[in-house]
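Q: In order, the protein sequence lines correspond to chains A and B.
Going left to right, the first sequence walks through residues 1 to 368 as the numbering used here numbers them.
Going left to right, the second sequence walks through residues 1 to 368 as the numbering used here numbers them.
Just to be clear, a hint being listed does not mean it is correct.
Far from chain A, by Cβ distances over 12 Å, these chain B residues were calculated [to be verified]: (1) THR43; (2) MET76; (3) LYS219; (4) ARG282; (5) PRO301; (6) ASN309; (7) CYS351.
Here are the simulated DSBU-like cross-link-like pairs (lysine-lysine), alpha carbons at most 35 Å apart as the crow flies [said to hold, decoys possible]: (8) A:LYS246 to A:LYS19; (9) A:LYS219 to A:LYS19; (10) B:LYS16 to B:LYS125; (11) A:LYS28 to B:LYS19; (12) A:LYS140 to A:LYS197; (13) B:LYS28 to A:LYS28; (14) A:LYS224 to B:LYS125; (15) B:LYS197 to A:LYS140; (16) B:LYS19 to A:LYS72; (17) A:LYS140 to B:LYS125; (18) A:LYS28 to B:LYS246; (19) B:LYS72 to B:LYS140; (20) A:LYS246 to B:LYS72; (21) B:LYS28 to A:LYS72; (22) B:LYS246 to B:LYS28; (23) A:LYS197 to A:LYS219; (24) A:LYS140 to A:LYS28.
Hints in this document: simulated from the structure, not taken from any laboratory.
Just so we're clear, the structure is a prediction, and the values are computed from it rather than from any experiment.
C-beta: ideal position from N, C-alpha, C; glycine also.
There are 2 protein chains.
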Amino acid sequence: MEFELPPSLGVYGNEKIAKDILSRIWGKRGVFTCTVANTRTSTIPGVSDAGDTPELTMFTPAADAEILVSGKVSCMSGIPINPGGIPTPATLTKAALDLSGMPFFIVNGGCEIVPYVPYFDMGGKCGEKITTGRSVENVKEEYEKGYMLGEMLARAYDFVIISESCAGGTTTALAVMMAMGVLRENLVSSSSPNNPKELKSRLVAEALAAAGIGIGDLKDDPLKAIECVGDPMLPANIGILCGAAKSVPVIVGGGTQLAAVMAGAAVMHPELIGNFMQGTTRWLMNDPNSSMPRIMDSISPDIPIVYVNVDYGDSPYEGLQAYEWGFIKEGVGCGGASVGAIAESAGRITCADLVDRVHEIYRGIMGL
Amino acid sequence: MEFELPPSLGVYGNEKIAKDILSRIWGKRGVFTCTVANTRTSTIPGVSDAGDTPELTMFTPAADAEILVSGKVSCMSGIPINPGGIPTPATLTKAALDLSGMPFFIVNGGCEIVPYVPYFDMGGKCGEKITTGRSVENVKEEYEKGYMLGEMLARAYDFVIISESCAGGTTTALAVMMAMGVLRENLVSSSSPNNPKELKSRLVAEALAAAGIGIGDLKDDPLKAIECVGDPMLPANIGILCGAAKSVPVIVGGGTQLAAVMAGAAVMHPELIGNFMQGTTRWLMNDPNSSMPRIMDSISPDIPIVYVNVDYGDSPYEGLQAYEWGFIKEGVGCGGASVGAIAESAGRITCADLVDRVHEIYRGIMGL
Numbered sequence: 001m002e003f004e005l006p007p008s009l010g011v012y013g014n015e016k017i018a019k020d021i022l023s024r025i026w027g028k029r030g031v032f033t034c035t036v037a038n039t040r041t042s043t044i045p046g047v048s049d050a051g052d053t054p055e056l057t058m059f060t061p062a063a064d065a066e067i068l069v070s071g072k073v074s075c076m077s078g079i080p081i082n083p084g085g086i087p088t089p090a091t092l093t094k095a096a097l098d099l100s101g102m103p104f105f106i107v108n109g110g111c112e113i114v115p116y117v118p119y120f121d122m123g124g125k126c127g128e129k130i131t132t133g134r135s136v137e138n139v140k141e142e143y144e145k146g147y148m149l150g151e152m153l154a155r156a157y158d159f160v161i162i163s164e165s166c167a168g169g170t171t172t173a174l175a176v177m178m179a180m181g182v183l184r185e186n187l188v189s190s191s192s193p194n195n196p197k198e199l200k201s202r203l204v205a206e207a208l209a210a211a212g213i214g215i216g217d218l219k220d221d222p223l224k225a226i227e228c229v230g231d232p233m234l235p236a237n238i239g240i241l242c243g244a245a246k247s248v249p250v251i252v253g254g255g256t257q258l259a260a261v262m263a264g265a266a267v268m269h270p271e272l273i274g275n276f277m278q279g280t281t282r283w284l285m286n287d288p289n290s291s292m293p294r295i296m297d298s299i300s301p302d303i304p305i306v307y308v309n310v311d312y313g314d315s316p317y318e319g320l321q322a323y324e325w326g327f328i329k330e331g332v333g334c335g336g337a338s339v340g341a342i343a344e345s346a347g348r349i350t351c352a353d354l355v356d357r358v359h360e361i362y363r364g365i366m367g368l
Numbered sequence: 001m002e003f004e005l006p007p008s009l010g011v012y013g014n015e016k017i018a019k020d021i022l023s024r025i026w027g028k029r030g031v032f033t034c035t036v037a038n039t040r041t042s043t044i045p046g047v048s049d050a051g052d053t054p055e056l057t058m059f060t061p062a063a064d065a066e067i068l069v070s071g072k073v074s075c076m077s078g079i080p081i082n083p084g085g086i087p088t089p090a091t092l093t094k095a096a097l098d099l100s101g102m103p104f105f106i107v108n109g110g111c112e113i114v115p116y117v118p119y120f121d122m123g124g125k126c127g128e129k130i131t132t133g134r135s136v137e138n139v140k141e142e143y144e145k146g147y148m149l150g151e152m153l154a155r156a157y158d159f160v161i162i163s164e165s166c167a168g169g170t171t172t173a174l175a176v177m178m179a180m181g182v183l184r185e186n187l188v189s190s191s192s193p194n195n196p197k198e199l200k201s202r203l204v205a206e207a208l209a210a211a212g213i214g215i216g217d218l219k220d221d222p223l224k225a226i227e228c229v230g231d232p233m234l235p236a237n238i239g240i241l242c243g244a245a246k247s248v249p250v251i252v253g254g255g256t257q258l259a260a261v262m263a264g265a266a267v268m269h270p271e272l273i274g275n276f277m278q279g280t281t282r283w284l285m286n287d288p289n290s291s292m293p294r295i296m297d298s299i300s301p302d303i304p305i306v307y308v309n310v311d312y313g314d315s316p317y318e319g320l321q322a323y324e325w326g327f328i329k330e331g332v333g334c335g336g337a338s339v340g341a342i343a344e345s346a347g348r349i350t351c352a353d354l355v356d357r358v359h360e361i362y363r364g365i366m367g368l
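Whole structure, please, built from the sequences with the hints as guidance.
A: And the structure:
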C-alpha cells in the first residue's frame, strides 16, 4: 500500500524516495540536533538580518540554543529578533519538540558567543569573514567528530534530524556551492524579504578571488571549499549527516544553508542518497527571491524536499504574521523539527497543533 | 509479586529500594554517560595507578573515552594500563554497551588531554593538585550545565547511568567527603591492591589545611568542598544525577569516587533519594583495603548498592585475572554499565555473556 501524505506535509522532487523515507520513520523515535556556529561574515553590514543589528547577529545562535534547551536566553537580553521585532524561528522548533517529546541536543560547530547549555563540542572555532579566503579552521576534525556523533545518534534512534543556527550562513553556503560548481548564480535565500542578493554575490566573488578559486574548481573537495569560503556549521553537519545516514534516515532541517551540507555529503558519500531528505517550510518553498527547488535539482534529483504547511496567516500576533510576508522563512531547524514531529507522531500532530503551541511559546517569551 | 534478583546481580543496603528501582528499569531503555576529567593530583608520584607512569595518568581519561566511542586510542600510543599491563576497565564497559546496544555519550568534565571524539562540554577545566586548596574552577557552571544535561537525557530515556574516568579521583573524593564530614577516616579505594592510604591521607590533610577547612566544615556546601579540594568530574556528575533523577531512575556507576557524587547530591537534593542507586562490581565490594558499604552507610541508608558478579577467575588472560587479585576493581562505569545492560535486557544478558565479550574486545585491542 502506498504511503499517503497527510495534509500537513508537501513534497517536491523525488516523491518515491520521500514516501519511502517517511514510511520508514512514521511513528518511530527520532532525535533532533541543532548545530550553532558563528561566522564573522554576519557582521558585515547588510549581510544578515538574523539579529537586530550586525553585531547582535553573533549572539543569535547561542540565544537560539538557550531557548531550545532552557526556554530562556542567558547570553543577551531579550530574544533573537529580526529588525522589526520578528521572533526567531526557534519558537516553531520548540513547539515541534514540545509536542512530540522528541529528544534534542545542541552541537557547537564553532561559536564566538557560546550558549550557556550543554552542547556537543566539535573542536570548531568561530569562522572568519569569507572575504579573507581562509574562513574555517579544523574542518577535517569537525567533519570526523560530526561523523562519529552521527554514528552515536544512529545507534540510539530510528532517525536523525540535523539543522543550524548560523547567522550569515546563506552567504557562506552560496560561496561553498559556487566553489563546488553546484550553483553558478545566486539562488540562496535570506531571512529578510529584501534579499540583499547583489551584496552577497559581490562578497562571494571577493571571497573566491581571495582564495584563488574559480567557480567549480572544488567540485570534488567540499571540505576544502568550506575551509576557504564556508562557515563552521557546515563540516560538523556534513559529518553528522554522513555518519548517521549510513544506518538510519536523516532529515536535513533547513533551507538554502543546508543545501551546502547536502551538496557536500552528495560528493563525499553519494551512496547515502536515498536515505536522506530535506525538511523545510512552505514559507521557504514559496520565496520568490530564492529557489530551493532549483538548487536541489542541481545537487541531485534524488534528494526530495518535504515541507510543512504551517501557516501564520490567522495568527493574532503581527510578529508571527510577518512570516507570511516573507520574513525569516526558515532557521533553527523549524521545518525539519516540524516534519520530524509529524512523522514521529504518525501524522497525529497537525499544523494547527503546531501553531497553537507556537502561540503559547510566543506569549511566554514575550511576556504577553 | 516481588522482584527477583538474577544471579548476575547482588545487593547491599536497602534491598527494597534497590528492587523497586530495578523493577522500574527492567527491560527499559537506558543511556550511559561517562564523565572524563583530569586533576593534576594524579601526577603526584604514588597517588594513582591508572596509567603506566604518573605522567600517563593524565592521558587515561581521554584514552578511555576514545576506546568507548571509536574502539581505538588516538591521544596516546597503546591503551591505558596499570603498571604491569592490566587493561583499563573500559573493556568491560564496552562489552556491556556492545551487548545491550545501549546509547552512550562522553561528558568532558574538564580535561587537559581531550579525547578525539564528540563530547558534551560542561565548561570545566583540568583540576589543580588538591594540595593547593583551590582545585576546581567553574564549579557552579559545571553543576548547572550537568543539571540541564540530566534533564535532557531524562527526556529521552527511561533511565540514566553516570560514571567517570578521572585518575587520582579517589584522593579528591576522600578530600571532599572529609570536608563534608561524610568520612572521618580513609575508606576510599585504589586501582592498586596496595592502596597508598598513608600518602592519600597525608595529601588530603595538606589539602584541607591549605584551604583552611576542618573535617565537616562544608557539610552543607558540597560545591564549595569541590572547589577547594575536589576534581572537575564531580560537579558535572552531581548535576547530571540531580537533573535526571527528578524524573527517571539513575544508576551511579562507579566506586568510591562516585560516593562523593552521591554525598553531594544527597545534600543538595535529598528528595531524590529513592530514585538512584550505585551500580558497581563485586571486585570493589570485596576490596579489603576500602569499604564501599561503610561509606554508603555514612551517606544514607537509602542509597542501595547493586553490584555485578562478573568473575575473571577462569579467564585465559593474566591481565584480566589480575582483577581477581585486587587490581583496578572499578572505573569507566564498568559496574554501572554492566548493571544497566542486565536491566535493559531484563536479565537476559548474563555475567558469562559479559566475560565472553570482554575477551573478544581484549583480543582486539591487544592484537592477540
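Q: Sort out whether LYS28 of chain A lies within 35 Å of LYS28 of chain B, counting only the CA atoms.
A: 16 Å, holds
Q: Does LYS72 of chain A lie within 35 Å of LYS28 of chain B when you go C-alpha to C-alpha?
A: 32 Å, holds
Q: Is LYS140 of chain A close enough to LYS28 of chain A, meaning Cα to Cα at most 35 Å?
A: Roughly 32 Å between the alpha carbons, so the hint for LYS140 of chain A and LYS28 of chain A holds.
Q: Holds or violated: are the alpha carbons of LYS16 of chain B and LYS125 of chain B at most 35 Å from each other?
A: 39 Å, violated
Q: So if I understand the rule, the pair passes when the alpha-carbon distance is 35 Å or less; does LYS197 of chain B with LYS140 of chain A pass?
A: Measuring from Cα to Cα gives roughly 46 Å; hence the hint is violated.
Q: Run the distance test for LYS197 of chain A versus LYS219 of chain A: straight-line Cα separation, threshold 35 Å.
A: Judged against 35 Å, a Cα distance of about 23 Å means the pair holds.
Q: With d taken as the least Cβ-Cβ distance between MET76 of chain B and chain A, does d exceed 12 Å?
A: 18 Å, holds
Q: Quick one, are LYS140 of chain A and LYS197 of chain A close enough, alpha carbons at most 35 Å?
A: 30 Å, holds
Q: Just double-check THR43 of chain B for me: nearest Cβ-Cβ distance to chain A has to come out over 12 Å.
A: The claim stands: THR43 of chain B keeps its Cβ more than 12 Å from every Cβ of chain A (closest is about 25 Å).
Q: Is it true that the CA of LYS72 of chain B sits at most 35 Å from the CA of LYS140 of chain B?
A: 33 Å, holds
Q: Is the hinted pair LYS219 of chain A and LYS19 of chain A satisfied, with a Cα-Cα distance of at most 35 Å?
A: Answer holds: LYS219 of chain A to LYS19 of chain A is near 30 Å, not above 35 Å.
Q: Within 35 Å, alpha carbon to alpha carbon, are LYS246 of chain B and LYS28 of chain B?
A: 17 Å, holds
In this structure, the hints that do not hold are numbers 10, 15 and 16, in rising order.
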